[in-house]
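Protein sequences appear in the order of chains A and B. Under this note's numbering, think of the first position of the first sequence as 85, with each following residue one higher. Under this note's numbering, think of the first position of the second sequence as 55, with each following residue one higher.
It should be emphasised that the hints constitute simulated quantities derived from the structure, not laboratory data. One or more of the hints may lead you astray.
[What the hints assert, rightly or not] With a Cα cut of at most 30 Å, we get these calculated DSSO-like pairs of lysine-lysine:
1) A:442 - B:165
2) A:302 - A:316
3) A:434 - B:152
4) B:486 - B:289
5) A:121 - B:285
6) B:104 - B:289
7) B:458 - B:388
8) B:152 - A:363
9) B:155 - A:366
10) B:152 - A:442
11) A:394 - B:152
12) A:214 - A:225
13) B:432 - B:131
14) B:174 - A:316
15) A:394 - B:475
16) B:289 - A:225
17) A:366 - A:353
18) A:319 - B:390
19) A:353 - A:175
20) B:285 - A:212
21) A:183 - A:442
22) A:121 - A:214
23) A:225 - B:284
24) B:475 - A:214
25) B:475 - B:165
26) A:442 - B:432
27) B:173 - A:214
28) A:175 - A:140
29) A:134 - A:394
30) B:131 - A:442
31) A:175 - A:316
32) B:131 - A:394
33) B:155 - A:442
34) A:353 - A:225
[Unchecked claim] Each pair of labels, with its calculated beta carbon distance range:
35) A:161 - B:375: 40 to 46 Å
36) B:367 - A:394: 34 to 40 Å
37) A:356 - B:140: 57 to 63 Å
38) A:154 - B:261: 47 to 53 Å
39) A:143 - B:257: 50 to 56 Å
40) A:142 - B:481: 18 to 24 Å
Ideal placement from N, C-alpha and C gives every residue a C-beta, glycine not left out.
Each chain, letter by letter, is given below.
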Amino acid sequence: MKYQLLLFGLVAARATFPGFAADGSDSTGANEAEVAKEIHKFILSKSEPKTETEMKVYTNTIPGSTVKYSLVPIPGGEFLMGSAEKEPGRKPDEGPQHKVKIDPFWMGQFEVTWNEFELFMFPTEERKFKETIPTDPSVDKTSDGVSRPTKPYVEMSFGMGRDGYPAISMTQHAANKYCQWLSAKAGHFYRLPTEAEWEYACRAATTTAYSFGDDPSKLGEYAWFDANSDSKYQKVGKKKPNPWGLYDMHGNVAEWCLDQYEPNYDRFKDGIATNPWVKATKPYPHSARGGSWDDPAELLRSAARRASDKSWKTQDPQLPKSVWYHTDAQFLGFRIIRPLKVPAPEELEKYWTSGVEKD
Amino acid sequence: MNELNTPHSDSQTTRRDFLKKTSTAVVGGTLLGGLTIERAAHAAGSDLLKVALIGCGGRGSGAANQALNTYNCGPVKLVAMADAFRDQLDGSYNSLTKEQKDRVDVPEEHKFVGFDAYKKAIGLADVVILATPPGFRPSHFEEAVRQGKHVFMEKPVATDAPGVRRVLAAAEEAKKKGLKVGVGLQRHHQLGYLETLSRLHDGAIGDLVAMRCYWNGTTPWVKPRAELEKKYGRKLTEMEYQMRNWYYFVWICGDHIVEQHIHNLDVINWVKNGYPVRAHGMGGCEVRKGPDYGEIFDHHAVEFEYADGSRCFSQCRHINGCWSDVSEHVVGSKGKAYLSDGRWNISGGTTWQFRDKQERERYQQEHDDLFNAIRQDKPYNEAENGAKSSLTAILGRMATYCGKIVEWDAALESKISYFPKNLAWDAEMGVKPGADGLYPHAVPGKTVVV
């Protein structure tokens with residue numbers, strides 16, 4: 085489904101005139117397939133690791149800015165997804181446990197911060213850097229072809245802080261488009277993780293409730309959650325990482341995954357699922373993982389799942405509601421991954437455009 | 055238990071008395087559940103309420119949707135729509151039809167377009183939603199009251215002093231006629247605010263000696279002339295351009311201190327149970343410059359003085375990359391309070407926190423409260439406070455525009471109107487771009503505001 089140009093920002097009193105592009109850059113995204121093709125070409129033109137053994141930790145600067153982000157390699161492998169019925173705090177949607185095979189990818193060491201996301205959210209922020217940092221016009225042309233959020237009416241950090249803090253309250257569509265935009269800028273294939281990839285990376289070869297063991301009394305060393313967060317999110321990377329070097333997989337902000345949420349794993353119970361992805365067929369519910377600053381310990385477990393809900397847009401007083409913001413989901417952010425293998429252009433487009441953005 | 059449902063339901067009862075009454079009865083999140091039952095209980099046997107939407111933008115459509123969502127209290131239908139622009143009206147009609155199929159009954163002959171469209175739409179309804187850009191509100195509200203209709207109107211309710219006086223006069227008339235008027239200052243319908251205010255008024259932090267409030271954020275939206283002309287495939291008259299990019303013009307928006315920061319200033323007025331007596335401040339347009347951004351400032355910092363000598367320090371800013379925050383703060387002789395959209399706490403004399411994760415329905419609540427008052431014929435008039443909180447924000451703008459101390463009474467009596475003398479697409483506009491395409495800004499020290 086081609087998603088249309090009528091994108092509505094969250095504007096409490098934009099009374100008479102909602103509608104089309106609230107900003108010049110919002111009206112793009114008209115030709116998703118063409119943009120994906122350009123990005124694909126750009127990715128292939130770069131000399132990048134082709135095998136798992138070449139994959140290293142790396143830090144990149146978002147082209148045209150001074151903002152950095154880091155990814156760590158996640159080796160391919162197999163794991164048991166879901167939790168055992170006896171695990172304390174376990175919910176039925178975490179079963180049945182099933183075998184999953186995952187291809188190698190890099191994963192964001194940290195949750196995506198406002199520093200990164202605002203470059204995407206506010207084209208004027210991006211333009212400020214352009215005065216001092218030269219960019220490649222052909223790269224700009226492609227990345228400007230990615231649709232961008234309308235401007236939010238409310239202050240989206242809700243006073244919890246921006247510099248070094250995780251970006252929050254974006255729809256899955258907005259997170260998808262960020263991944264596409266960053267891919268267009270960097271020439272790497274970035275996207276949201278599937279639930280399987282997320283859990284695989286979170287567990288980091290552990291089988292316990294958390295990646296550090298089963299004892300929730302240690303959770304405070306690794307995570308921000310309702311017992312220690314002071315009712316707000318915290319700067320990324322301030323707690324201990326998991327065994328694979330990923331920070332804040334448990335807690336701080338819950339993280340978007342690509343999949344539509346299903347209430348159980350029945351469809352995967354036999355055999356081994358390879359890179360499973362439950363593609364979206366409807367706007368809700370989709371999956372988020374990891375729990376947040378606003379959640380009790382059991383919701384931070386490696387297998388714990390959260391389903392998106394229409395109520396996450398209740399605060400949006402407009403009609404139609406914004407496709408970009410879940411103003412009520414102040415616990416929700418995301419991190420990016422980069423699969424080693426780059427799929428064909430038409431596949432890329434599917435990872436970035438689920439087609440059910442409008443609800 | 056149900057008082058909260060109609061917070062302004064008894065004009066003989068002051069807000070403080072009301073809050074005192076309710077504060078003991080309210081216990082956490084159980085209240086909202088109770089209200090649902092209460093609302094449903096009053097629905098039986100009620101008449102159909104016909105609604106007209108004046109101003110079919112995103113917020114207007116949202117408000118109409120919320121009005122139609124009050125069907126649990128009794129049957130309700132949207133019967134007429136009006137907007138200056140046909141494309142706005144069509145977009146709104148499509149959205150509402152999708153959302154509220156059985157409750158949208160607006161035949162082609164009840165869709166009105168143009169500057170006078172509102173009059174005809176008002177005539178067809180029992181309840182009218184006034185959600186055009188704020189500059190039009192005084193004349194629309196006057197007309198709704200003249201025709202004897204109940205009203206929900208968005209904030210702010212005026213952009214200048216003459217507009218405020220018209221709304222105050224119409225509000226008096228509405229009271230005499232027994233009309234119910236809701237104003238979109240939805241924090242008055244939000245449990246966290248109601249709970250916190252009741253505690254402050256009960257003396258939880260002693261005397262309220264100093265206040266701060268902020269709406270520091272970013273530009274909400276902009277519609278550059280070139281894009282509009284590309285979209286519509288023609289040159290826009292200055293009137294049409296200003297109406298479509300209305301946020302950036304004082305006559306229609308009021309400046310962001312009026313359009314947006316009013317929410318926080320209104321909370322401080324509520325905290326003080328009164329309105330400021332004078333203000334001074336500073337502001338300007340430092341970063342958000344260019345022909346697309348009209349004549350408004352991108353920051354204002356204002357000090358408001360209340361009758362008891364206490365001050366409120368207020369900031370609002372639309373500049374990316376700066377510290378951002380939307381909240382209110384109160385210092386009392388025995389403690390302090392923090393209020394924001396989602397978190398409230400009091401510390402000092404007593405310690406109290408409020409975070410109700412289910413507390414998310416204030417835009418719906420304000421319509422439920424209004425429609426209940428209409429159906430039960432209870433006094434309900436938020437227009438006076440809406441007008442005075444609008445004037446508070448206008449006073450702040452006057453202070454930053456002129457750079458001098460501005461008295462409340464002088465502000466209220468100001469004859470200066472920014473509204474165009476004539477409403478027509480080719481009308482002569484009060485503010486026009488210069489040869490460079492830029493609009494003039496107020497110049498503190500020179501600009502005259504009262």
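Outcome of the hint check:
no. : hint                      : verdict
1   : A:442 - B:165             : holds, 26 Å
2   : A:302 - A:316             : holds, 20 Å
3   : A:434 - B:152             : holds, 27 Å
4   : B:486 - B:289             : holds, 16 Å
5   : A:121 - B:285             : holds, 27 Å
6   : B:104 - B:289             : violated, 38 Å
7   : B:458 - B:388             : violated, 33 Å
8   : B:152 - A:363             : holds, 25 Å
9   : B:155 - A:366             : holds, 20 Å
10  : B:152 - A:442             : holds, 12 Å
11  : A:394 - B:152             : holds, 16 Å
12  : A:214 - A:225             : holds, 14 Å
13  : B:432 - B:131             : holds, 21 Å
14  : B:174 - A:316             : violated, 49 Å
15  : A:394 - B:475             : violated, 45 Å
16  : B:289 - A:225             : holds, 28 Å
17  : A:366 - A:353             : holds, 23 Å
18  : A:319 - B:390             : holds, 26 Å
19  : A:353 - A:175             : holds, 17 Å
20  : B:285 - A:212             : holds, 27 Å
21  : A:183 - A:442             : violated, 34 Å
22  : A:121 - A:214             : holds, 25 Å
23  : A:225 - B:284             : holds, 20 Å
24  : B:475 - A:214             : violated, 43 Å
25  : B:475 - B:165             : holds, 26 Å
26  : A:442 - B:432             : violated, 40 Å
27  : B:173 - A:214             : violated, 50 Å
28  : A:175 - A:140             : violated, 36 Å
29  : A:134 - A:394             : violated, 41 Å
30  : B:131 - A:442             : holds, 25 Å
31  : A:175 - A:316             : holds, 25 Å
32  : B:131 - A:394             : holds, 24 Å
33  : B:155 - A:442             : holds, 18 Å
34  : A:353 - A:225             : violated, 45 Å
35  : A:161 - B:375: 40 to 46 Å : holds, 42 Å
36  : B:367 - A:394: 34 to 40 Å : holds, 39 Å
37  : A:356 - B:140: 57 to 63 Å : holds, 58 Å
38  : A:154 - B:261: 47 to 53 Å : holds, 52 Å
39  : A:143 - B:257: 50 to 56 Å : holds, 55 Å
40  : A:142 - B:481: 18 to 24 Å : violated, 60 Å
Violated hints for the displayed structure, listed by number in ascending order: 6, 7, 14, 15, 21, 24, 26, 27, 28, 29, 34, 40.
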